[in-house]
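Asker: Below, each chain spelled out in residue letters.
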Amino acid sequence: MISLGIEGTAWSLSIGVVDEKEVLLVENDPYIPKEGGIHPREAAQHHSERIGKLVKSVFSKIEPDKIDVISFSQGPGMGPCLRIVATAARVLSLKLEKPLIGVNHCLAHLEVGRWKTGAKNPVTLYVSGGNSQVIARRGKRYRVFGETLDIGIGNALDKLARHMGLKHPGGPKIEKLARNGKRYYELPYVVKGMDFSFSGMVTAAQKLFDNGISKEDVAFSFQETAFAMLAEVSERAMAYLDRDELLLVGGVGANSRLKEMLEVMCKDRKARFYSPPTELMGDNGAMIAYLSLLMFKHGYVTELKDSTVKPDFRIEEVDVSWE
Amino acid sequence: MLQNSKPERIYLGGEAEVRIYSDFVEKIRKKKNYRVSDLDKILRESRTRTEARIISAARRNGVPTPIIFDVQGEKIVMERIKGEPLREIMNTELSRKLGELVAKLHEARIIHGDITPMNLIYSKGMIFFIDFGLSFYDERIESKGVDLHIYFESLKAYFDNWEELKEAFISGYKSYEKGGEVLKRAEEIDARGRYVERRMRD
Ligand SMILES: Nc1ncnc2c1ncn2[C@@H]1O[C@H](COP(=O)(O)OP(=O)(O)OP(=O)(O)O)[C@@H](O)[C@H]1O
Ligand SMILES: [Mg+2]
Numbered sequence: 002m003i004s005l006g007i008e009g010t011a012w013s014l015s016i017g018v019v020d021e022k023e024v025l026l027v028e029n030d031p032y033i034p035k036e037g038g039i040h041p042r043e044a045a046q047h048h049s050e051r052i053g054k055l056v057k058s059v060f061s062k063i064e065p066d067k068i069d070v071i072s073f074s075q076g077p078g079m080g081p082c083l084r085i086v087a088t089a090a091r092v093l094s095l096k097l098e099k100p101l102i103g104v105n106h107c108l109a110h111l112e113v114g115r116w117k118t119g120a121k122n123p124v125t126l127y128v129s130g131g132n133s134q135v136i137a138r139r140g141k142r143y144r145v146f147g148e149t150l151d152i153g154i155g156n157a158l159d160k161l162a163r164h165m166g167l168k169h170p171g172g173p174k175i176e177k178l179a180r181n182g183k184r185y186y187e188l189p190y191v192v193k194g195m196d197f198s199f200s201g202m203v204t205a206a207q208k209l210f211d212n213g214i215s216k217e218d219v220a221f222s223f224q225e226t227a228f229a230m231l232a233e234v235s236e237r238a239m240a241y242l243d244r245d246e247l248l249l250v251g252g253v254g255a256n257s258r259l260k261e262m263l264e265v266m267c268k269d270r271k272a273r274f275y276s277p278p279t280e281l282m283g284d285n286g287a288m289i290a291y292l293s294l295l296m297f298k299h300g301y302v303t304e305l306k307d308s309t310v311k312p313d314f315r316i317e318e319v320d321v322s323w324e
Numbered sequence: 628m629l630q631n632s633k634p635e636r637i638y639l640g641g642e643a644e645v646r647i648y649s650d651f652v653e654k655i656r657k658k659k660n661y662r663v664s665d666l667d668k669i670l671r672e673s674r675t676r677t678e679a680r681i682i683s684a685a686r687r688n689g690v691p692t693p694i695i696f697d698v699q700g701e702k703i704v705m706e707r708i709k710g711e712p713l714r715e716i717m718n719t720e721l722s723r724k725l726g727e728l729v730a731k732l733h734e735a736r737i738i739h740g741d742i743t744p745m746n747l748i749y750s751k752g753m754i755f756f757i758d759f760g761l762s763f764y765d766e767r768i769e770s771k772g773v774d775l776h777i778y779f780e781s782l783k784a785y786f787d788n789w790e791e792l793k794e795a796f797i798s799g800y801k802s803y804e805k806g807g808e809v810l811k812r813a814e815e816i817d818a819r820g821r822y823v824e825r826r827m828r829d
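Protein chains in written order, with this note's numbering: chain P, 2 to 324; chain L, 628 to 829.
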């Protein structure tokens, strides 16, 4: 069985095709803001201009007849972007006469991670631009045990980067600078149970920079503080739930310092740490395709009337009937 | 105290190693190898200090907590509370009682910081608060609202009947003079962090 998935909740526009064994192909055409952060309308404009070409390119590599399921990210995400992708998926589904499945974007990150790493019943740390959550399954639902009380870690990194004059996306640039940081400056460390907050930290780090502290030291102090918070809440969730697996997913999961910290934390408590290959970490169409395949095999389909986008779709809303 | 006896159980928590002996408990904030040593030192020292201080303050305000026997550097030695974690025996009556106790904490400006059914032990007909590692003093409605938000989220995560447990808690918490205001804020916090808003705000 083969599924095609379209992702476009924010900056990423991506189509993936997977079968039960592997990812067959992924084609990306991301929106990159000229300046500042992501503008939802600009991003949607980009998606609508490029989606046709991207579909064509995919179908030059795989026969449309071979596809069994058409899927798309139904949410959470930016409304204008979601609508472009949903429309494209509906059109394809009608034209090819294949069933349509709208999937939860966060769940797709998580399930593709489990698929590619073999993690069974992990605590999952999901870190991206807008999302930062600690998730674990309880019965037929995934539950969010902890999350950011304000902005996601990716947005926090981008904000700090912009303030220091670095272009979008700032995350990788901060990571590089941090490698040459030498001195640790204390920043507000805000953990509340399994919840956490980054906005106070961003302001404090921006102030450090304004007071003449080097970019390297600011980046270093920021990463060390923010990632220690994420490691702490992950460890707390593992202790509470008595789980010995941690799965890292989401775009910020590509950061090697974050990975290293979580690896050390897991090793020290004799737990296993998992993270999927980098190309499946960030937003991508393959994860949408994979989740829809899983859902299709378990009897899910999305009727046209139920295919409207859900900008604030929570992972907790999805009934999970697979293992 | 029997310094050389063996612990019955060792619990590796989010921030500390907790050694449980027959009559006492050692909570040791060991070095975390994943974080830079400067930050590690700051967190271990400050949390041990506030925890010991606030555990005693809470008891003075009528909230059951273990008696502190000793504090040595990063180690707290305290009374062992023999009982059941609230998580195993949770019901509406207990949740209501808990609401009354949290009201007392908040009246005394104490924010617990991690109110979950795992950090509460039921013993001798009382609910004991055991983990003040993330606690602090604060008068603001916002901090108290977050404190409740954390508890409500943990109910959702652990119990299918979370709605009635939440209602029961609320009825107990209303004994606090500013209870209504804090509860309203907790609801706002619930709605606030939602994805779209967050992403759009950037
Ligand atoms: N005084 C006590 N009497 C009996 N049991 C205790 C006591 N203190 C702690 N425990 C047990 O140890 C466990 C962990 O304790 P505590 O919550 O203080 O540690 P922690 O490392 O701060 O945990 P976390 O950070 O994961 O919340 C508790 O859930 C409880 O089962
Ligand atoms: Mg605890």
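Mixed in with the good hints there might be a few duds.
Claimed, not checked - Residues from chain L shown here face chain P by an in silico Cβ test under 10 angstroms; the list is partial:
| hint | residue |
| --- | --- |
| 1 | Gly641 |
| 2 | Leu670 |
| 3 | Ser683 |
| 4 | Arg687 |
| 5 | Asp741 |
| 6 | Asn788 |
The set of hints was computed from the structure by calculation and includes no laboratory data.
Bear in mind the structure is a predicted one, so any value in this text is a computation, not a measurement.
Cβ atoms here follow ideal geometry from the backbone N, Cα and C, with glycine treated the same way.
Asker: May I ask which of the numbered hints given earlier this structure violates, with the numbers listed in increasing order?
Answerer: Hint check: 3, 4, 6 fail, others pass.
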